[in-house]
Amino acid sequence: MHSAIGSESSKLTPATSGFVLSAAITVLFNTALAWVKDSSPALNGFMKSLSGHHWTTHGLVDLVLFVGLGLIFMSTRVAQKIDANRLIGVLIGAVTAAALGLALWYAFF
Amino acid sequence: MPLNISSSDAILLAHAAFGVTGCMAALWVFVEALNARPGNADRLQLAALVAAVCMAAAWICGGYWYVHFYPPEKALILKGPWPFAHNLFMETKEHLFFITGILAFLLPIAAREKLYASPAARKLVLSIAALIAITGLAVEGAGAVINHGVKLALLHDVSKGAR
Numbered sequence: 000m001h002s003a004i005g006s007e008s009s010k011l012t013p014a015t016s017g018f019v020l021s022a023a024i025t026v027l028f029n030t031a032l033a034w035v036k037d038s039s040p041a042l043n044g045f046m047k048s049l050s051g052h053h054w055t056t057h058g059l060v061d062l063v064l065f066v067g068l069g070l071i072f073m074s075t076r077v078a079q080k081i082d083a084n085r086l087i088g089v090l091i092g093a094v095t096a097a098a099l100g101l102a103l104w105y106a107f108f
Numbered sequence: 000m001p002l003n004i005s006s007s008d009a010i011l012l013a014h015a016a017f018g019v020t021g022c023m024a025a026l027w028v029f030v031e032a033l034n035a036r037p038g039n040a041d042r043l044q045l046a047a048l049v050a051a052v053c054m055a056a057a058w059i060c061g062g063y064w065y066v067h068f069y070p071p072e073k074a075l076i077l078k079g080p081w082p083f084a085h086n087l088f089m090e091t092k093e094h095l096f097f098i099t100g101i102l103a104f105l106l107p108i109a110a111r112e113k114l115y116a117s118p119a120a121r122k123l124v125l126s127i128a129a130l131i132a133i134t135g136l137a138v139e140g141a142g143a144v145i146n147h148g149v150k151l152a153l154l155h156d157v158s159k160g161a162r
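Quick mapping for you: the protein sequence lines, in order, are chains A and B.
Per numbering that gives the first Met the number 0, the first sequence starts with residue 0, numbered consecutively.
Per numbering that gives the first Met the number 0, the second sequence starts with residue 0, numbered consecutively.
Here chain B stands alone, though its shape is the one from the complex:
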């Protein structure tokens, strides 16, 4: 079966996949921080690094796709039944993602603290990891709404043509 996957598709899916993996890595950090002890300090730092690298990859893939491939989809959404998929969800997502990214870059710095010896550092890492997971999943959810906005616009066009 031939796979008809364009570079636009691959980049968009990589963006979402890196974003979800970054969120999962943040949750991994959260769990390690809950059980912080000298024995899991290296693993916690590795998880924090994975979260940062995944979010950086999601930033690059998403940014490239947004700049090069999104404009035609934006035009479709705005003409379709869900214009708020761009006006509210994409506009919020494209700027909220910067917050998730900054937090993801902060996480490996905070994870270098001795969490098993410092309640404040442990609380800090738990907070950063939770904020990454919450904002990251909100961004993922917004992506689904934007995708649905495009789908509805296309279905709207097709159903108008069929009438």
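Extracted from the complex, chain A is given alone in its bound form:
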């Protein structure tokens, strides 16, 4: 038996917890931006002007937000204060809400 198995931990490292919280926020932001972009031709046009296509800008903004928030949460250790199991629940809930939010939006609007 490995020595680490004896001392089971329910804690995540600052990097993992920080990037999990960042991912949860980013996926919700992704859906919110899709909604706003879809209902605002001005924003859609502005995003297109930044990279040549609104979708490219959308993806880049998501990536910058994910990495940026992840690094901030990692250095401040703010996500480590959240219980690991709760953090997992937050991630699953955020992904489910974000995915359903996209499908329902495009189905009905």
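These are calculated hints, taken from the structure and not from any lab test.
Label pairs and their computed distance ranges (CB to CB):
#1 Ile91(A) - Ala16(B): 27 to 37 Å
#2 Asn43(A) - Val52(B): 24 to 34 Å
#3 Thr75(A) - Arg36(B): 30 to 40 Å
#4 Asp156(B) - Arg76(A): 57 to 67 Å
#5 Ser9(A) - Gly140(B): 29 to 39 Å
#6 Val63(A) - Ser158(B): 43 to 53 Å
#7 Gly160(B) - Gly88(A): 49 to 59 Å
#8 Val63(A) - Gly140(B): 22 to 32 Å
#9 Arg76(A) - Ala16(B): 34 to 44 Å
#10 Met0(B) - Gly51(A): 30 to 40 Å
#11 Pro1(B) - Ser39(A): 44 to 54 Å
#12 Leu99(A) - Leu77(B): 22 to 32 Å
#13 Asp82(A) - Val52(B): 26 to 36 Å
#14 Phe107(A) - Ile4(B): 36 to 46 Å
Partial list, derived from the structure: chain A residues whose beta carbon lies under 8 Å from chain B:
#15 Ala14
#16 Thr25
#17 Ala106
All values derive from a computational prediction rather than experimental measurement.
Where a beta carbon is used, it is the ideal one built from N, C-alpha and C, also for glycine.
We have chain A already, so just place chain B on it with the hints.
Then chain B, alone, in the frame of chain A:
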């Protein structure tokens, strides 16, 4: 036999192939995490890296194809019998894929935890891997519907011309 494969075809097929491989790598991570022990930690991290690299490649190939080659297909779909193949399936897919991508980039970070010693880390990696596989396969399925939307539009045009 001459192979008439355009760059558009190759990029589109590479996008789908990388996406499926990324989903399979996520399932590989899931299985390794179910059996997490010190002996398979390196293999689990490798699988997580494969998932992330494949999803990044799928993102680049799919994005390039969507921006440069999709507009004529979109016009066909919208004039055909299945306009929802674009309005619902492509619109959802192109944004849902970002979620799959973000999760795929998160996976190698979470996989660096000692899963064999931390039940929470193990549960986290299982959750991320499952979410990648589920959302990734949903994106793949949407791709098939979009493809069928183009096919129906073309068949619709041909059958109208034959009448």
